[in-house]
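A.B. asks: Let the hints inform the model, and build the full structure from the sequences given.
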Amino acid sequence: MKVSRRIALGLLASIPLMGRKTWAASGNFSGLAAPSGPVLLEVDGSISRTNDSERAVFDREMLANLDWVEVECYTPFTQGLQRFAGPTLMSLLDTVGANGATLQATAINDYSVEIPLSHAKLHGVILAMEHNGMPMRVRDKGPIWVVYPLKEREAQSKKFDTEMIWQLARLTVQ
Amino acid sequence: MCCGLLFVLVGLRSNVREAETQVAASISSTMWKVSELIYEGQRLITALARVEGDSIEVEALRLQFDLLWSRVKVVEMIDFKHRPLTTGALKGYRTWLDRYDPVLFAADAPTRAELQHMQVSLTPLVVATRKAWVREFNAVQFDALAEASKETQVRRTQHELLIVGLLVLIIGYLVAEIYFGSRAQARERALRALADAANKSKSDFIASVSHEIRTPLNGIVSMASHLADHPLNKEQQQCVSVIEASGGLLLDTINDVLDLSRIKAGKLVITNSVFDPFGCLRLAHDLHCKQATDKGLTINLMLPDGPLPKVEGDERRFRQVLHNLVSNAVKFTSAGHIRITARYGTNDVDGIAGSGTGLYVSVSDTGSGIPYDSQQRVFDPFEQVNETMTRDVGGTGLGLPICRSLCQAMGGSISLQSEPGLGARFDVFLPFDRVELTRPAYKGDADQSDIESVLKGRVMIVDDTHTNRFVLRKLLGEHALEIFEAESGMDALEQLATLDVDVVLMDIQMPGMTGLEATLHLREAAALAKTDPPPVVAVTANVMAQQVQSYKAAGMVEVLAKPVSKRALVSTLRAILRETGSDAPSSFGNGAQPPPERRSSTG
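These protein sequence lines map, in sequence, to chains A and B. Everything in the first sequence is counted per this note's numbering, starting at 1 for the first residue and increasing by one. Everything in the second sequence is counted per this note's numbering, starting at 1001 for the first residue and increasing by one.
Errors might be hidden in some of the hints.
Calculated pairs, DSSO-like style, for lysine-lysine (alpha carbon to alpha carbon, straight line, at most 30 angstroms) [to be verified]:
| # | chain 1 | residue 1 | chain 2 | residue 2 |
| --- | --- | --- | --- | --- |
| 1 | A | K151 | B | K1033 |
| 2 | B | K1290 | B | K1566 |
| 3 | B | K1566 | B | K1456 |
| 4 | A | K159 | B | K1033 |
| 5 | A | K159 | B | K1073 |
| 6 | B | K1290 | B | K1234 |
| 7 | B | K1073 | B | K1033 |
| 8 | B | K1073 | A | K158 |
| 9 | B | K1091 | A | K158 |
| 10 | A | K158 | B | K1033 |
| 11 | B | K1474 | B | K1234 |
| 12 | A | K151 | B | K1073 |
| 13 | B | K1091 | B | K1073 |
| 14 | B | K1530 | B | K1456 |
| 15 | B | K1552 | B | K1530 |
Treat the hints as calculated values from the structure; they're not laboratory data. Quantities reported herein were computed from a predicted structural model and do not represent experimental measurements.
C.D. replies: In structure tokens form, the structure reads like this:
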């Protein structure tokens, strides 16, 4: 697994703080900027920063401005080494001021799973938006695929098979 | 090997469980993926149907199209192997998607007719997928399970083969172990038999040598003993004393070898009598004095002042220990002195053998001493501390082991203290009971008085050696005995057929008929004639334990070991003659004459 990172503009002040079992976001608590393009992801639940009533919504540009990383890794749903790019889940949680222990992740087709919030930091989870250099369409498990950067053996053992939800549309912090 | 088998079994069980879990998960996952495919297909059909009545929502249709596309891609990754219906249905999806992708995602919105056509063409695909799923997957779930677990079965077979192989190896090992074990046992039995035979040969050899040495020794010692009873001048007495002592020493050496055999056989017998241990010490001193003086050594005997007690114990064994220690001291000392000390009392010195009341004897020398690392081994049989030195001074290496065994048999102990290069000291403790001087005269004195009284009776001496017959006759010469001689067992039987005697002194090892056979014949003849056979006393050099037992078993009443001491001979005869009444004043008189053809004489 290989990770390369570029510092997202405007997020230099976004420093993660690890809690005991929960996560508390840092930064100011003013509202987020409103998306200018189509909304790809909405975040609600126990968050402190919003831009649409009780929720925070993100378009592609806003997500691209988070802590964007590129990883080379394996997944249980692909064959061979894959290259993914997208913001880290941790940077998203920091941005919205998430304060909870679990994420309820829901796909476009309403498929839903629970992800422990601690995985974001512990396993370097990313919200993959590009696959092998190409933006991910819905047909390619896009526009957002929750990817755990795994080693080949981990992928073969179906590790985090359940948590790696694709076509992600909504995150609820609980 | 058993561990290996256990490991394989545990591994197999674990693998099987893991494989079953994987197969179950795979089935569940496949069912889910196919179910999702059908679900998304159905949702797209619904969306397309809704278009017919409402306005066209192209983005929603495109999203649903892409969702179906993604489900098709997921299902395409599944290896359906021999499921033609499902595989065909999936190919239909791919064709359908490729056909309508440019239609739906074209710059211009699709027409209603195109959408209707999409709906019409997608519906049979979804239906066919459901049918294929029900028939090929759901209905043959267990086949799929078996198929999916094929690899596991292969691994299981491999493991089972491995188990069988290990079992075969274990069985082979056990069989080999039993086979080679039994062979080893047989070999051990054969070797033991050989060792027993060798041991028996050794015993026979010892008995034979013992006999060969004792016979001439019998003549030497007995004659010296007899000579000592005659009036002699001082020089003659000294000569006789040396002959007696030397003979005794030689006898002791023979006995050493025999003793080791007895000790090893656990048949060492301790015979207690009252004796003067300090007299024994003086004798030991005198015996070795000349040899020590010849080597330029001084040998000192240091005894306590005042009256010295007599003790009750095994005199012969005590003398044996003493001679061994003093002899060793003289052998291994080239300059300086040898000191023998003795006292009767309790132990008041730390570090020496023994605790309690008894006789303490110490023999020390200024010889080469014994190395520290050899001091524990000197009491082990056949251990020679310094082979070169042992060769120089002679000896079998049996002396100290015999000493220790004898001391232990007498309830005592022996210990060694030695400083290499400075000398050695052996301390002996023997818990002999002290005999008060006021006690009545002990058995030895009684025997002495017995010797002095005159025996009467008729005695036959049976021995093929003239010297031995002569010695016995001389030893009994002072007594009023009528003595007959026979040169062999057969000769004795012939004479005794017509001759009554009170006792027969029978040699054992004789040519023709042995003394043992002669005794048996004598008893048989007496039984036929319904008379009592004369008591037979074995007079022999063959006095190993099992030999003595065989004499007694043949009916011999007593056994006298050659060389025969005058005291033992007279004492034995007196006891027998008293028992038969021949020694009584009223027994057969001196006037009873033997038949003229018999060789006889009156002692």
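A.B. asks: Take a quick look at whether K159(A) and K1073(B) sit within 30 angstroms of each other, Cα to Cα.
C.D. replies: Judged against 30 angstroms, a Cα distance of about 21 angstroms means the pair holds.
A.B. asks: Between K1474(B) and K1234(B), does the CA-CA distance stay at or below 30 angstroms?
C.D. replies: holds (23 angstroms)
A.B. asks: Are the Cα positions of K1530(B) and K1456(B) separated by 30 angstroms at most?
C.D. replies: At roughly 26 angstroms apart (the allowed maximum being 30 angstroms), K1456(B) and K1530(B) satisfy the hint.
A.B. asks: With a cut-off of 30 angstroms on the C-alpha distance, tell me whether K1073(B) and K1033(B) pass.
C.D. replies: Between K1073(B) and K1033(B) the Cα gap is close to 10 angstroms, so the pair holds against 30 angstroms.
A.B. asks: K1091(B) and K158(A): Cα distance at most 30 angstroms?
C.D. replies: holds (27 angstroms)
A.B. asks: Given the hinted pair K159(A) and K1033(B), is their Cα-Cα distance within 30 angstroms?
C.D. replies: The given pair, whose Cα atoms are some 18 angstroms apart, holds under the 30 angstroms limit.
A.B. asks: Verify the proposed pairing of K1091(B) with K1073(B), using a straight-line Cα cut of 30 angstroms.
C.D. replies: holds (11 angstroms)
A.B. asks: Within 30 angstroms, alpha carbon to alpha carbon, are K1290(B) and K1234(B)?
C.D. replies: Distance of about 18 angstroms is within 30 angstroms: holds.
A.B. asks: Does the alpha-carbon distance linking K151(A) and K1073(B) stay inside the 30 angstroms limit?
C.D. replies: Satisfied, since the Cα-Cα distance of roughly 23 angstroms is no more than 30 angstroms.
A.B. asks: Does K158(A) lie within 30 angstroms of K1073(B) when you go C-alpha to C-alpha?
C.D. replies: Distance ~18 angstroms between K1073(B) and K158(A) Cα, so the pair holds.
A.B. asks: CA of K151(A) to CA of K1033(B), is that 30 angstroms or under?
C.D. replies: Cα-Cα ~24 angstroms, so holds.
A.B. asks: When you check the alpha-carbon spacing of K1290(B) and K1566(B), does it fall within 30 angstroms?
C.D. replies: holds (28 angstroms)
Of the numbered hints listed earlier, not one is contradicted by the structure.
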